Amino acid sequence: MQRPKFLKKTPLAWFQVTRERTRLMVAIAGIAFADMLIFIQMGFEGALYDAAIKPHRNLQADLVLTNPQMQTLFSVKAFPRERLYQTLAHPDVKSVNGIYVSTGQWKNPDTKLERAILVWGIDPVEPSFNFPEVNQNLDKIQPLNRVLFDQAGRPEYGFAAEQFEQTGIFKTELNGKLIEVDGVFTNGASFAADGNVITSDSTFLQLFPNRSPNQIEVGLIHLKSGADIDRVRAQLAAALPDDVLIGTTEDFAQIERDYWSDGTGIGFIFGLGVGVGFIVGIVIVYQILYSDVSEHLPEYATLKAMGYTDNYLLGVLIQEALLLAFLGYLPSVFLALGLYQLAFAATMLPISMTVQRAVTVLIMTILMCSASGAIAMRKLRSADPADIF
Numbered sequence: 001m002q003r004p005k006f007l008k009k010t011p012l013a014w015f016q017v018t019r020e021r022t023r024l025m026v027a028i029a030g031i032a033f034a035d036m037l038i039f040i041q042m043g044f045e046g047a048l049y050d051a052a053i054k055p056h057r058n059l060q061a062d063l064v065l066t067n068p069q070m071q072t073l074f075s076v077k078a079f080p081r082e083r084l085y086q087t088l089a090h091p092d093v094k095s096v097n098g099i100y101v102s103t104g105q106w107k108n109p110d111t112k113l114e115r116a117i118l119v120w121g122i123d124p125v126e127p128s129f130n131f132p133e134v135n136q137n138l139d140k141i142q143p144l145n146r147v148l149f150d151q152a153g154r155p156e157y158g159f160a161a162e163q164f165e166q167t168g169i170f171k172t173e174l175n176g177k178l179i180e181v182d183g184v185f186t187n188g189a190s191f192a193a194d195g196n197v198i199t200s201d202s203t204f205l206q207l208f209p210n211r212s213p214n215q216i217e218v219g220l221i222h223l224k225s226g227a228d229i230d231r232v233r234a235q236l237a238a239a240l241p242d243d244v245l246i247g248t249t250e251d252f253a254q255i256e257r258d259y260w261s262d263g264t265g266i267g268f269i270f271g272l273g274v275g276v277g278f279i280v281g282i283v284i285v286y287q288i289l290y291s292d293v294s295e296h297l298p299e300y301a302t303l304k305a306m307g308y309t310d311n312y313l314l315g316v317l318i319q320e321a322l323l324l325a326f327l328g329y330l331p332s333v334f335l336a337l338g339l340y341q342l343a344f345a346a347t348m349l350p351i352s353m354t355v356q357r358a359v360t361v362l363i364m365t366i367l368m369c370s371a372s373g374a375i376a377m378r379k380l381r382s383a384d385p386a387d388i389f
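Count the sequence shown with my numbering and you get residues 1 to 389, in order.
Source of the hints: derived by calculation from the structure; they are not laboratory data.
Some clues are possibly wrong.
[Said to hold, decoys possible] Taking CB as the label site, the calculated pair distances span:
| id | residue 1 | residue 2 | range |
| --- | --- | --- | --- |
| 1 | His-90 | Asp-258 | 22 to 32 angstroms |
| 2 | Lys-171 | Phe-344 | 24 to 34 angstroms |
| 3 | Glu-126 | Lys-77 | 20 to 30 angstroms |
| 4 | Ala-346 | Gln-136 | 26 to 36 angstroms |
| 5 | Gly-338 | Lys-112 | 32 to 42 angstroms |
| 6 | Asn-311 | Leu-367 | 16 to 26 angstroms |
| 7 | Gly-263 | Gln-136 | 16 to 26 angstroms |
| 8 | Pro-132 | Leu-178 | 45 to 55 angstroms |
| 9 | Leu-272 | Gln-71 | 21 to 31 angstroms |
Predicted, not measured: the structure shown is a model, and the values here were computed from it.
Glycine residues also receive a C-beta, built at the ideal position from the N, C-alpha and C atoms.
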């Protein structure tokens with residue numbers, strides 16, 4: 001049986017790439033370094049958004065009411081509670097409940113240092129979140145001055161979760177008032193808040209005595225089974241005054257995401273970092289391929305004299321570039337996984353590898369190396385076999 005034609009061809013690109021092992025190792029290290037830069041920038045950007053919108057997506061509601069001027073939980077705006085009650089007039093609205101949100105000062109009982117923490121005041125009878133640990137412990141925050149502590153928050157808050165699990169007791173101060181941790185849940189730190197606590201609405205008003213009970217930050221609307229969410233949202237939006245904004249939990253999360261991506265310089269900074277990594281990769285691969293072409297110019301010129309076209313030689317360079325792309329990409333993935341773990345341990349941000357990000361960086365690596373090969377081809381195009389020999 002005759003072998004296919006392509007198997008008979010000399011793998012010129014592979015021989016060129018592997019001929020000098022030292023140069024190959026340098027090229028792989030350079031591409032891996034550029035890919036790691038991209039992975040780290042994308043990882044932190046993804047962690048920023050995931051952490052910032054995690055509580056929004058975990059709200060237990062079909063529709064959410066907010067102040068239209070709200071941009072982020074870090075500086076949340078309130079609206080009249082009566083707007084939430086007005087939605088009960090719609091026949092498809094089953095029930096409603098409100099949430100207070102504000103930033104308090106948590107005292108670490110060991111260091112005595114205070115640190116800002118996000119405080120959520122909820123109805124301890126009706127579930128407001130999809131966190132199982134919260135819903136299982138709603139009865140524990142019904143008494144005053146009882147809270148549920150976010151065990152995935154920054155360690156600067158103290159070892160509340162560990163001490164609570166060991167002894168069942170953890171007391172500290174929040175806004176200068178003595179409180180007791182009666183349970184833990186897992187949300188995690190974000191760029192807006194290093195930690196979270198959930199308490200009853202009554203305790204919240206004790207912690208923030210200047211707050212009006214009639215002013216809430218988030219309104220949760222539960223619809224009857226079978227109700228058309230989009231239709232109800234449109235009808236409520238038309239019926240309610242313009243001092244509230246109604247949307248789904250995903251719409252609520254998108255407001256927060258847009259703030260961090262467009263309302264601050266963080267999105268631009270991470271995007272710039274990805275661009276820098278991409279350019280660094282192009283320069284590294286170009287230097288490797290250019291050196292290869294320069295050193296083997298007589299051989300390439302011989303091929304041109306034999307009748308091989310520039311397109312054929314371009315194909316060889318692109319093949320070399322693609323081989324370098326895959327060889328440099330593979331170690332960068334494993335190195336990025338390790339760096340993600342280190343970053344998570346240091347910052348408690350939900351930074352992890354995703355399939356989409358891995359595929360995106362692979363495509364960027366291929367484009368990066370292909371562009372370098374095309375640029376290096378200019379050296380070959382200008383080479384005249386007659387001049388060389």
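Cβ distance range 24 to 34 angstroms for Lys-171 and Phe-344, holds or violated: For Phe-344 against Lys-171, whose Cβ atoms are near 29 angstroms apart, the range 24 to 34 angstroms holds.
Cβ distance range 26 to 36 angstroms for Ala-346 and Gln-136, holds or violated: holds (31 angstroms)
Range hint 32 to 42 angstroms (beta carbons of Gly-338 and Lys-112) holds or violated: Hint holds: Cβ distance 36 angstroms, inside 32 to 42 angstroms.
Consistency of beta-carbon spacing, Gln-71 to Leu-272, with hint 21 to 31 angstroms: Hint holds: Cβ distance 23 angstroms, inside 21 to 31 angstroms.
Whether the CB-CB distance between Asn-311 and Leu-367 falls inside 16 to 26 angstroms: holds (20 angstroms)
Take a look at whether the Cβ-Cβ distance between Pro-132 and Leu-178 falls inside 45 to 55 angstroms. violated (28 angstroms)
Just tell me: holds or violated, for the beta carbon distance of Glu-126 and Lys-77 against 20 to 30 angstroms? holds (23 angstroms)
Lying within 22 to 32 angstroms: is that true of the beta-carbon distance His-90 to Asp-258? Between His-90 and Asp-258, where Cβ atoms are some 28 angstroms apart, the hint holds.
Supplied distance hint 16 to 26 angstroms, evaluated on CB atoms of Gly-263 and Gln-136: violated (36 angstroms)
Comparing the model with each numbered hint stated earlier shows that hints 7, 8 do not hold.
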